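Student: Spelled out from the first residue to the last, the chains are:
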Amino acid sequence: QKEVEQNSGPLSVPEGAIASLNCTYSDRVSQSFFWYRQYSGKSPELIMSIYSNGDKEDGRFTAQLNKASQYVSLLIRDSQPSDSATYLCAVNSLQGGKLIFGQGTELSVKP
Amino acid sequence: EPEVTQTPSHQVTQMGQEVILRCVPISNHLYFYWYRQILGQKVEFLVSFYNNEISEKSEIFDDQFSVERPDGSNFTLKIRSTKLEDSAMYFCASNDQGFRETQYFGPGTRLLVL
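Chains A and B are the protein sequences, given in the same order.
Okay, so the first sequence: first residue is 16 according to this note's numbering, each after it adds one.
Okay, so the second sequence: first residue is 6 according to this note's numbering, each after it adds one.
Where hints are given, some of them may not hold.
Subject to a maximum C-alpha distance of 27 Å in a straight line, what follows is the list of computed BS3-like cross-link-like pairs (lysine-lysine) [stated by the list, open to error]:
#1 A:K57 <-> B:K88
#2 A:K82 <-> A:K17
#3 B:K62 <-> A:K17
#4 A:K57 <-> A:K71
#5 B:K88 <-> B:K47
#6 A:K125 <-> A:K57
#7 A:K82 <-> A:K71
#8 B:K83 <-> B:K62
#9 A:K71 <-> A:K17
#10 B:K88 <-> A:K82
#11 A:K125 <-> B:K47
#12 A:K71 <-> B:K47
#13 A:K17 <-> A:K57
#14 A:K57 <-> B:K62
#15 B:K62 <-> B:K47
#16 B:K47 <-> A:K17
#17 B:K47 <-> A:K82
#18 B:K62 <-> B:K88
#19 B:K83 <-> B:K47
#20 B:K83 <-> A:K57
No lab work stands behind these hints: they were computed from the structure.
Small disclaimer: the values here were computed from a predicted structure and weren't measured.
When you get a sec, could you build the whole thing from the sequences and use the hints?
Tutor: Quick look at the structure:
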């Protein structure tokens, strides 16, 4: 069974701090990795995609991928209260585009 | 910015009834997906669809489920005889560059089966 694991949290950080979210996956052949943000009762909204080992930066967000360790992370710099949400890690199984989601990490940014 | 749209936003139905959930993917997208999320649980894949046929389906997507692209814009999910455990948020997603690429999600339909 292909799995994606995340700490469910909640992760609480003060405003302006760095939030670090982690994810591990079990299927070694996975090649596409995504971070989505989900507010309560809403749909997943793409934050970042990453396909190659290393870091990828987009504004306050940095995704990190280590395929050897089967590990993906998301750093949020200068965290804002509006960043408070559940962050979903998703891995593409390639076969037919199936995204396998983790259970999500709830982030709370305190003013 | 183009968006995936879904109708209805909420649907309440009686157990055993048929429901059709509708999606309008982003206009130039060719790959379509349905996911569901039971309250408090993970987002789960149901089915992917390309070139007018199912590409992959999960074990959840049994004979009670079907998908269709009845015209050039709509993509539908039909549940033939709803069960209580079908109560969930159903999300449609689409993309244009293939199964490896980012999927864009619609706002979802909240289905409640009584």
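Student: Run every hint past the structure and note whether it holds.
Tutor: Here is how each hint holds up against the structure:
1. A:K57 <-> B:K88: holds, 23 Å
2. A:K82 <-> A:K17: holds, 15 Å
3. B:K62 <-> A:K17: holds, 15 Å
4. A:K57 <-> A:K71: At roughly 26 Å apart (the allowed maximum being 27 Å), K71 of chain A and K57 of chain A satisfy the hint.
5. B:K88 <-> B:K47: holds, 19 Å
6. A:K125 <-> A:K57: holds, 21 Å
7. A:K82 <-> A:K71: This hinted pair holds, its Cα atoms lying about 14 Å apart.
8. B:K83 <-> B:K62: holds, 14 Å
9. A:K71 <-> A:K17: Between K71 of chain A and K17 of chain A the Cα gap is close to 25 Å, so the pair holds against 27 Å.
10. B:K88 <-> A:K82: Distance ~40 Å between K88 of chain B and K82 of chain A Cα, so the pair is violated.
11. A:K125 <-> B:K47: holds, 25 Å
12. A:K71 <-> B:K47: holds, 26 Å
13. A:K17 <-> A:K57: holds, 25 Å
14. A:K57 <-> B:K62: holds, 24 Å
15. B:K62 <-> B:K47: holds, 17 Å
16. B:K47 <-> A:K17: Distance ~14 Å between K47 of chain B and K17 of chain A Cα, so the pair holds.
17. B:K47 <-> A:K82: Holds, at about 23 Å.
18. B:K62 <-> B:K88: At roughly 19 Å apart (the allowed maximum being 27 Å), K88 of chain B and K62 of chain B satisfy the hint.
19. B:K83 <-> B:K47: holds, 21 Å
20. B:K83 <-> A:K57: holds, 22 Å
Of the numbered hints given earlier, the model fails hint 10 alone.
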